[in-house]
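Q: The chain contents come next:
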Amino acid sequence: EAGVTQFPSHSVIEKGQTVTLRCDPISGHDNLYWYRRVMGKEIKFLLHFVKESKQDESGMPNNRFLAERTGGTYSTLKVQPAELEDSGVYFCASSPYGSGADTQYFGPGTRLTVL
Amino acid sequence: DAKTTQPPSMDCAEGRAANLPCNHSTISGNEYVYWYRQIHSQGPQYIIHGLKNNETNEMASLIITEDRKSSTLILPHATLRDTAVYYCIVRKGGATNKLIFGTGTLLAVQP
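Chains as they are written, first to last, in the numbering used here: chain A, 1 to 115; chain B, 1 to 111.
Chain A with its partners taken away, still in its complex shape (with noise of 0.2 Å):
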């Protein structure tokens, strides 16, 4: 089974231009997340899907960042304009619905930098 997806890799941009980075959550998992790490500190948590609804945008920092998930399968973030305190690691994890211990797995990240 293929785990979670992410495109680029990494992506350097310059100030003020726009990045979409892609996720693709594990076939069949309904839960979306996409979390970041910006500048050594802590993995911080952006937002959930479920399915193609947005069920907690709490962590997005302001309104250049972008989710969609439509159709409910891959998910994109886009920044716009980005600005260099963006620089970090963009991570997305998935999990099947469900109650209980509901595990998120996680994709290996897109790094993104601008100058």
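Hints were generated in silico from the structure; no laboratory data involved. These numbers come from a predicted model, not from an experiment. Errors might be hidden in some of the hints.
[Unchecked claim] Coverage of chain A stretches by chain B, computed from C-beta distances (three or more under 8 Å per stretch; other residues unrestricted):
1) 39 to 46
2) 108 to 114
[As the list claims (entries may be wrong)] Once the Cα atoms are required to be at most 27 Å apart in a straight line, the calculated DSS-like pairs of lysine-lysine come out as:
3) Lys51/A with Lys92/B
4) Lys51/A with Lys78/A
5) Lys44/A with Lys15/A
6) Lys69/B with Lys92/B
7) Lys54/A with Lys92/B
8) Lys3/B with Lys41/A
9) Lys3/B with Lys69/B
10) Lys78/A with Lys41/A
11) Lys92/B with Lys3/B
12) Lys44/A with Lys92/B
13) Lys3/B with Lys54/A
14) Lys44/A with Lys3/B
15) Lys69/B with Lys44/A
16) Lys92/B with Lys52/B
17) Lys52/B with Lys3/B
18) Lys92/B with Lys41/A
19) Lys44/A with Lys78/A
[Claimed, not checked] Cβ-to-Cβ under 7 Å is the rule here; a few derived chain A residues that face chain B:
20) Gln55
21) Phe91
22) Thr103
All C-beta atoms in this analysis are idealised placements derived from N, C-alpha and C, irrespective of residue type, glycine included.
The hints should help you fit chain B onto chain A, whose structure is shown.
A: Just chain B now, kept in the frame of chain A:
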């Protein structure tokens, strides 16, 4: 979610057991203890989780004290590839609950 406390770093000799402690004194009855690790710059890797009972899988064992206020992750035979940052996370059950990562424990396995 309850906060956890972990030592910032630990060393372990290759081939020996690595015992990583975690304190979670304010844990609630419906909160699970999860362990993840992050090797170098890879994505966090799930290791194990438990609620009340001790758990074992192919990667590790999880020992939870009877009062559930602390736990220990045991890697029975540490290898150099186990060098990573280990995160102890307390989380309510259900998919709606995000993971809250702390600073974790940097485990350095020495040859």
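Q: A separate judgement is required for each hint: does it hold in the structure or not?
A: Okay, the hints, checked on the actual structure:
no., hint, in the structure
1, 39 to 46, "holds (count 4)"
2, 108 to 114, "holds (count 3)"
3, Lys51/A with Lys92/B, "holds (21 Å)"
4, Lys51/A with Lys78/A, "holds (18 Å)"
5, Lys44/A with Lys15/A, "holds (22 Å)"
6, Lys69/B with Lys92/B, "holds (15 Å)"
7, Lys54/A with Lys92/B, "holds (19 Å)"
8, Lys3/B with Lys41/A, "holds (17 Å)"
9, Lys3/B with Lys69/B, "holds (11 Å)"
10, Lys78/A with Lys41/A, "holds (21 Å)"
11, Lys92/B with Lys3/B, "holds (12 Å)"
12, Lys44/A with Lys92/B, "holds (17 Å)"
13, Lys3/B with Lys54/A, "holds (26 Å)"
14, Lys44/A with Lys3/B, "holds (14 Å)"
15, Lys69/B with Lys44/A, "holds (24 Å)"
16, Lys92/B with Lys52/B, "holds (13 Å)"
17, Lys52/B with Lys3/B, "holds (17 Å)"
18, Lys92/B with Lys41/A, "holds (24 Å)"
19, Lys44/A with Lys78/A, "holds (17 Å)"
20, Gln55, "holds (6 Å)"
21, Phe91, "holds (5 Å)"
22, Thr103, "holds (5 Å)"
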